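**Student:** What follows is each chain in one-letter form.
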Amino acid sequence: MSFFRITLHRSAIGLPERTRGVLQALGLRRRMQTVFHPAEPQFAGMIMKVKELVRVQEVERRLSKGEVKAERTPEKGFYVERAVRRM
Amino acid sequence: MFGPFRATNPLSGGLLWKIPWRLSKFQKRRHRLRLRAVDSVVATLDTALAKRGQTLEAIERWKAEMPTEEEMLPKDKYTMFDRKEKKYRKGIHKLPKWTRVSQRINPPGY
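Chains as they are written, first to last, in my numbering: chain A, 1 to 87; chain B, 88 to 197.
Keep in mind that a hint or two might mislead.
Said to hold, decoys possible - Computed cross-link-like contacts, EDC-like style, restricted to lysine to aspartate or glutamate with a CA-CA straight-line distance of at most 16 Å:
(1) B:K162 <-> B:E147
(2) A:K49 <-> B:E147
(3) B:K184 <-> A:E81
(4) B:K115 <-> B:D163
(5) B:K115 <-> B:E172
(6) B:K150 <-> B:D133
(7) B:K174 <-> B:D163
(8) B:K138 <-> A:E17
(9) B:K138 <-> A:E60
(10) B:K181 <-> B:D169
(11) A:K49 <-> B:D126
(12) B:K115 <-> B:E156
(13) A:K49 <-> B:D163
(14) A:K49 <-> B:D133
(15) B:K184 <-> A:E17
(16) B:K164 <-> B:D133
(17) B:K138 <-> A:E40
(18) B:K150 <-> B:D126
(19) A:K49 <-> A:E17
(20) B:K181 <-> B:D163
If you're looking for bench data, these hints aren't it; they were derived computationally from the structure. A quick note: this is a predicted structure, and the numbers were derived from the prediction, not measured.
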């Protein structure tokens, strides 16, 4: 069972009501929001309607909201890229 | 010459059309990347459904009718048909919402 990982990349401001309705039906409300839907023709058809606005990947399982956020979060702390000689 | 009532192009009557008639090379590159992004979305959907042995009419139609970014002629990538223009072509950036709609094919012969 695979899923479509759909991220809204471009906003639908100013686009027809039908297009915005499709995004709402997919559960996409704001840019860079990610949702998961089963890889079925029903959802593929919805993605085809908004293919200019979204980025799609096929993934094996549905990630939780926290896991998606963890992917985007940088590691904590800092590191020194290059030691600078002190004068 | 100076001051609020100077004779600048917009003030001296007539329309000053500020939209360039052609795309810059940077606009063209971003446009190509957008075309490729749409192609990759369609390809992802197609392979995902093909794995399950399913297909979709919308995808089949898209594949049959629409050229991919590599297959498109530069003429079709950056300009589009317009019956009111000289030589029947205008820049694709004159199309409303042109970065978020697919405009790939033009009437045959134009």
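**Student:** When the structure is checked against the list of hints, which entries are broken? Sort them ascending.
**Tutor:** 1, 3, 5, 8, 13 and 16
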